[in-house]
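Asker: Take a look at the letters that make up each chain.
2 protein chains.
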Amino acid sequence: MIFSSSLLENAVAQFAKLPGIGKKTALRLVLHLIKQDSSDVTQFSEAISRMREEIKFCSRCHNISDTQLCNICSNRSRKQELLCVVENIRDVIAIESTQQFNGVYHVLGGIISPLDGVGPEQLNIDSLVARMDNEGITEIIFALNANIQGDTTIYYISKRLKDFPVKITTIARGIAFGGELEYADEMTLARSISNRIPVENYIVSGNK
Amino acid sequence: MIFSSSLLENAVAQFAKLPGIGKKTALRLVLHLIKQDSSDVTQFSEAISRMREEIKFCSRCHNISDTQLCNICSNRSRKQELLCVVENIRDVIAIESTQQFNGVYHVLGGIISPLDGVGPEQLNIDSLVARMDNEGITEIIFALNANIQGDTTIYYISKRLKDFPVKITTIARGIAFGGELEYADEMTLARSISNRIPVENYIVSGNK
Numbered sequence: 094m095i096f097s098s099s100l101l102e103n104a105v106a107q108f109a110k111l112p113g114i115g116k117k118t119a120l121r122l123v124l125h126l127i128k129q130d131s132s133d134v135t136q137f138s139e140a141i142s143r144m145r146e147e148i149k150f151c152s153r154c155h156n157i158s159d160t161q162l163c164n165i166c167s168n169r170s171r172k173q174e175l176l177c178v179v180e181n182i183r184d185v186i187a188i189e190s191t192q193q194f195n196g197v198y199h200v201l202g203g204i205i206s207p208l209d210g211v212g213p214e215q216l217n218i219d220s221l222v223a224r225m226d227n228e229g230i231t232e233i234i235f236a237l238n239a240n241i242q243g244d245t246t247i248y249y250i251s252k253r254l255k256d257f258p259v260k261i262t263t264i265a266r267g268i269a270f271g272g273e274l275e276y277a278d279e280m281t282l283a284r285s286i287s288n289r290i291p292v293e294n295y296i297v298s299g300n301k
Numbered sequence: 094m095i096f097s098s099s100l101l102e103n104a105v106a107q108f109a110k111l112p113g114i115g116k117k118t119a120l121r122l123v124l125h126l127i128k129q130d131s132s133d134v135t136q137f138s139e140a141i142s143r144m145r146e147e148i149k150f151c152s153r154c155h156n157i158s159d160t161q162l163c164n165i166c167s168n169r170s171r172k173q174e175l176l177c178v179v180e181n182i183r184d185v186i187a188i189e190s191t192q193q194f195n196g197v198y199h200v201l202g203g204i205i206s207p208l209d210g211v212g213p214e215q216l217n218i219d220s221l222v223a224r225m226d227n228e229g230i231t232e233i234i235f236a237l238n239a240n241i242q243g244d245t246t247i248y249y250i251s252k253r254l255k256d257f258p259v260k261i262t263t264i265a266r267g268i269a270f271g272g273e274l275e276y277a278d279e280m281t282l283a284r285s286i287s288n289r290i291p292v293e294n295y296i297v298s299g300n301k
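Respectively, the protein sequence lines represent chains A and B. First residue of the first sequence: 94, per the numbering used here; consecutive thereafter. First residue of the second sequence: 94, per the numbering used here; consecutive thereafter.
Just so you know, the hints here were simulated from the structure itself, not pulled from any lab data. Everything numeric in this text was worked out from a predicted model, so none of it was measured. One thing to keep in mind: the hints can contain errors.
For chains that are exact copies, the list does not tell them apart, and a pair is met inside one copy or across any two.
[What the hints assert, rightly or not] In silico lysine to any residue, SDA-like type, Cα no more than 20 Å apart, as pairs:
| id | residue 1 | residue 2 |
| --- | --- | --- |
| 1 | Lys110 | Ser131 |
| 2 | Lys260 | Tyr249 |
| 3 | Lys260 | Asn195 |
| 4 | Lys172 | Met225 |
| 5 | Lys255 | Glu174 |
| 6 | Lys110 | Glu139 |
| 7 | Lys116 | Asp278 |
| 8 | Lys252 | Ala236 |
| 9 | Lys128 | Ala106 |
| 10 | Lys128 | Gly113 |
| 11 | Lys149 | Thr135 |
| 12 | Lys116 | Asp133 |
Chain A extracted, bound-state conformation:
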């Protein structure tokens, strides 16, 4: 692409650095911004740079936060003894958006994956073990992706926690709500059969 303006070229190049944004999409976005009010574009660029400058990670759960302790950890109406272990910030947002979970989180910052060179020492596992000592946690729910890496991570952390008097659970694996049985993969279907639940539990949770 050949530009007659270096200001335009530079802005397009910056957008095109973002993942999944090609040159043509970047150009479309920049031309959109040119048409907006100057104050709107200032708001846009300030929101980005301010976010990057001021954002913190919660010192307790490693979730993204505006403050030293995130507003989930500091919310006293949440069950501090119920801990949900997730891979990353996106998973926190996904679970929070269901409005069904009233405990606190621990963000691992990744998942054990030897093929990608990610071992336990790169993840926030030591700080999780430390929380067991200090916070009177009674149940840990693993909400990790259902694959080999997720299972490995659950297995590894469970072993690290075996001396603590804590109930360890994982979110249910099964057929997605609205999913067709015949299109489910064998692994999922097999697990959903072996982990079947009493109908009265299902109906109760379904009615919530």
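Given chain A, put chain B in place with the hints provided.
Answerer: Chain B alone, transformed into the frame defined by chain A:
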């Protein structure tokens, strides 16, 4: 989506205002920026705000420009008497990228489209006619999208220019009818410029 950080939420909301960017994509982009160096993010936001503050439109051809006269109009090695009429800035970039055109441009800023409420008076047509008086232009090439609106615009402007001793051509229809100029590949676009045809021929073949 429920966020635990208002800085994050605000940045995501700003990205989600862009065309074609939904909330999930916006979140992905913002989380990408969080992982980048602070200086890279500053560069990003400054490139955007600086572009919006400082960008100008060329006083002659209405192309986007860093200066009062764009660097195409002010380039004396280009044929100032060969004028290519385009709908918008994206089309200038598309044609420049073919490196096949050595004249200058006139950006209409839109296309005649009564259904969308766009008439000739909203477009940079008067300034085009004024250029005919002042710049000794010998040929006008219409490089407009191949659709009804494009044809209407060609027809209207041709009538306005009928008293000037100027050759009027249009890029060859190598581009499919209904196709958008900015998505054409450079080869097709380059050929359609070098094989441009006189408008009277085009209208005859178009009516067949």
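Asker: Work down the list of hints and note, for each, if the structure agrees.
Answerer: Evaluated hints:
no., hint, in the structure
1, Lys110 x Ser131, "between (23 Å within a copy, 15 Å between copies)"
2, Lys260 x Tyr249, "within (15 Å within a copy, 78 Å between copies)"
3, Lys260 x Asn195, "within (17 Å within a copy, 74 Å between copies)"
4, Lys172 x Met225, "within (14 Å within a copy, 76 Å between copies)"
5, Lys255 x Glu174, "within (17 Å within a copy, 83 Å between copies)"
6, Lys110 x Glu139, "both (19 Å within a copy, 15 Å between copies)"
7, Lys116 x Asp278, "between (31 Å within a copy, 14 Å between copies)"
8, Lys252 x Ala236, "within (17 Å within a copy, 69 Å between copies)"
9, Lys128 x Ala106, "both (18 Å within a copy, 18 Å between copies)"
10, Lys128 x Gly113, "between (23 Å within a copy, 16 Å between copies)"
11, Lys149 x Thr135, "between (23 Å within a copy, 17 Å between copies)"
12, Lys116 x Asp133, "between (23 Å within a copy, 18 Å between copies)"
Checked against the numbered hints given earlier, this structure breaks none of them.
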